[in-house]
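J.: So the sequences go chain by chain: A and B.
The first sequence begins at 1 in full-length UniProt numbering and counts up by one.
The second sequence begins at 1 in full-length UniProt numbering and counts up by one.
One thing to keep in mind: the hints can contain errors.
Unchecked claim - List of simulated lysine-lysine pairs, DSS-like, C-alpha gap at most 30 Å:
id, chain 1, residue 1, chain 2, residue 2
1, B, Lys351, A, Lys231
2, B, Lys96, A, Lys337
3, A, Lys80, A, Lys175
4, B, Lys96, B, Lys283
5, B, Lys338, A, Lys92
6, B, Lys281, A, Lys94
7, A, Lys332, A, Lys231
8, A, Lys283, A, Lys231
9, B, Lys96, A, Lys283
10, A, Lys281, B, Lys96
Hints are computed from structural coordinates only; laboratory data are not their basis.
Number of protein chains: 2
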Amino acid sequence: MPYRVNPYLITRSLHPENQETPIHFLRQPAIPEEYFFKRNHFFYPVPGQNSYQLQVKGKVTKSVNFHYDELQRMPSRKLKMVLECAGNKRSKFKPKVYGEQWEDGAISQGEWQGIPLNTLLAVTGVDPDVREVVFEGYDTGRRTDINEVVPFARSLPLQKALHPDTLIAYKYNGKPIPFKHGFPLRLIVPGWYGMASVKWLKTITLIDETFKGPFQTIDYVYYPDENSSLKAYPVSIINVNSIIQQPLDRSVIEQDAEHIIEGIAWTGKGDIKQVQVSFDKGKVWREAILTNTSSTAYGWTKWHINWKPPEIGEYTIQARAVDSAGRRQPEKALWNKKGYGFNAVSEINVKTE
Amino acid sequence: MPYRVNPYLITRSLHPENQETPIHFLRQPAIPEEYFFKRNHFFYPVPGQNSYQLQVKGKVTKSVNFHYDELQRMPSRKLKMVLECAGNKRSKFKPKVYGEQWEDGAISQGEWQGIPLNTLLAVTGVDPDVREVVFEGYDTGRRTDINEVVPFARSLPLQKALHPDTLIAYKYNGKPIPFKHGFPLRLIVPGWYGMASVKWLKTITLIDETFKGPFQTIDYVYYPDENSSLKAYPVSIINVNSIIQQPLDRSVIEQDAEHIIEGIAWTGKGDIKQVQVSFDKGKVWREAILTNTSSTAYGWTKWHINWKPPEIGEYTIQARAVDSAGRRQPEKALWNKKGYGFNAVSEINVKTE
């Protein structure tokens with residue numbers, strides 16, 4: 001073919017840069033850097049002179065500055081895993097909510113390599129009264145709601161911070177992490193939504209209290225009530241979810257042909273056990289074939305099912321994933337004011353002719 | 001800035017290639033080739049050995065093959081003009097319709113240069129009984145609905161074909177037309193939706209009847225009734241229309257600040273006379289400031305208006321354009337089965353904090 005045809009990132013905003021992965025048009029198990037979705041809270045940081053050092057401090061026996069080169073010589077792990085923005089699919093909520101109108105592509109996966117954080121904490125020591133670990137990035141900016149300049153910072157409960165799969169990553173797909181995705185160092189928290197995986201990691205602080213930063217207590221909180229925060233609770237583990245990659249929504253497809261309906265499914269808890277597909281608005285659910293289930297616990301699972309439209313007409317095709325924790329995509333997503341964690345049954349409409 | 005941030009085309013399908021211009025993120029009056037939307041009915045053609053010749057035949061005094069080089073030596077015109085796909089904004093129809101789910105970006109503008117078609121018809125002569133002129137492109141493919149391999153072909157009424165602004169174009173923005181946009185020769189029909197501007201132009205045939213090709217009689221027809229073609233009529237002139245480029249829909253904006261609301265407006269009939277903007281769901285309409293009105297009759301008009309949100313809350317911002325033919329964007333677009341010509345009042349929602 002003399003003429004190449006490529007998909008592109010889908011731009012949601014330029015400053016800060018927020019762009020989706022064209023997930024419907026990609027089939028590779030490791031998303032290349034140029035197709036990895038970008039989600040920023042501020043302009044890109046200008047790393048300072050100490051950016052190649054990672055300071056671990058606070059409630060530790062001994063504060064330590066770990067140098068980038070030194071980190072690379074420590075025993076590392078590689079994880080092929082999903083990173084998904086908590087706002088992925090936000091545009092699908094009804095009533096509509098404010099914020100970046102992500103469709104299906106605020107998700108990517110690839111191989112992250114780094115040192116388990118617990119290795120570093122074994123060096124610094126951990127005080128017995130530590131409750132949380134706070135991660136601060138080099139990215140800062142003014143928030144208009146509180147009219148303050150703040151860094152992007154998030155905390156993890158100590159237990160999650162100590163999990164051997166919580167990494168201080170320095171490579172993506174075998175190469176140094178691209179700057180826009182957190183170079184030189186990025187926290188990687190498998191199974192949690194992307195806000196936990198702090199980019200351009202600057203400091204790690206152990207505290208004996210509950211972290212109250214705005215990206216922990218204002219954003220990344222489920223507010224199921226429009227006008228009250230009584231029932232609010234924090235965003236953490238990725239919901240069980242899926243997408244139908246093919247065919248495309250509202251496409252016109254051939255009547256006298258067998259079609260491959262395909263997509264991916266993922267979860268932050270265990271792994272994907274089942275994907276069910278319906279062609280009649282949920283009366284009958286057929287079992288999709290899962291492939292690459294054995295890859296890694298944190299990666300997505302590919303699925304497909306063959307289908308021949310029984311007659312000319314319009315069809316709703318639905319898919320729902322079930323994970324090993326027994327969670328299943330619900331008919332209706334939990335509406336919440338800031339639009340996080342949308343995971344209703346995946347649905348497209350096609351017409352045959 | 002060490003880190004460039006670019007918008008990208010928005011992919012609707014890869015084969016055939018259909019990609020939108022990221023129109024919300026572009027402000028230039030001539031869209032560069034890489035950002036020009038792509039709309040194809042088939043795979044890209046493989047031009048044959050005669051592709052540098054344009055054959056004009058049928059009901060003419062004398063058939064003539066015009067060579068590409070010869071055409072470039074003839075007197076030419078340059079037009080800075082809008083090309084808009086008839087399906088632009090299709091995704092906004094309610095009830096939803098099938099086909100590419102274009103949002104706002106199946107539109108671009110730039111400078112096309114070419115020879116008025118009437119110059120060529122003066123060479124060939126036109127039989128007195130000619131009613132239409134048929135334009136056939138090199139792109140062909142199988143249509144599943146009629147199960148036939150057909151070329152992309154469209155006709156114009158003789159009168160429109162003879163209009164001095166109907167061009168056989170060979171340059172876009174001062175350079176040979178990019179292959180994906182019709183190289184070597186493209187018909188350019190200002191003021192009509194894009195389907196009329198046949199790419200990879202192969203033959204021009206004058207006929208004494210009404211052309212019945214499927215892209216004239218099945219597609220590019222308004223069907224206001226779902227189940228009947230009684231009230232059907234062909235798609236031709238571009239409707240009066242506009243978009244709000246900034247702010248972005250569903251964005252959260254600063255309360256204590258003056259915002260510039262800006263966008264573009266265009267029409268296929270005359271030019272844009274007025275753009276009105278409402279911040280209160282249509283009770284009060286304020287007049288936007290128009291710039292570059294004097295550019296060319298076929299180009300879009302930029303507009304903007306300053307606005308300071310009166311209080312914290314949610315706002316619907318609407319814009320409607322009025323053209324010199326007295327047409328105004330309606331509250332509700334004319335629903336039609338194939339989803340052409342959407343031009344309801346432009347609308348976004350923002351929240352202030």
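J.: Measure nothing beyond the straight line between the CA atoms of Lys96(B) and Lys283(A); if it is 30 Å or shorter, mark the hint as holding.
T.: holds (23 Å)
J.: Assess, step by step, whether the Cα of Lys96(B) is no farther than 30 Å from the Cα of Lys337(A), and give holds or violated.
T.: holds (26 Å)
J.: For a C-alpha distance cap of 30 Å, please report whether Lys80(A) and Lys175(A) respect it.
T.: holds (14 Å)
J.: Please verify whether Lys281(B) and Lys94(A) have alpha carbons no more than 30 Å apart.
T.: Holds - the C-alpha atoms of Lys94(A) and Lys281(B) are around 20 Å apart, at most 30 Å.
J.: Holds or violated: Lys338(B) and Lys92(A), Cα atoms, limit 30 Å.
T.: holds (23 Å)
J.: Verify the proposed pairing of Lys281(A) with Lys96(B), using a straight-line Cα cut of 30 Å.
T.: At roughly 17 Å apart (the allowed maximum being 30 Å), Lys96(B) and Lys281(A) satisfy the hint.
J.: Need the status of pair Lys351(B), Lys231(A): alpha-carbon distance at most 30 Å?
T.: holds (22 Å)
J.: Check the hint pairing Lys332(A) with Lys231(A) against an upper bound of 30 Å on the C-alpha distance.
T.: Satisfied, since the Cα-Cα distance of roughly 19 Å is no more than 30 Å.
J.: Within a Cα-Cα threshold of 30 Å, do Lys96(B) and Lys283(B) meet the stated pairing?
T.: Answer holds: Lys96(B) to Lys283(B) is near 28 Å, not above 30 Å.
J.: Would the hint linking Lys283(A) and Lys231(A) be met if the CA-CA limit is 30 Å?
T.: violated (34 Å)
The structure shown violates just one earlier hint, number 8.
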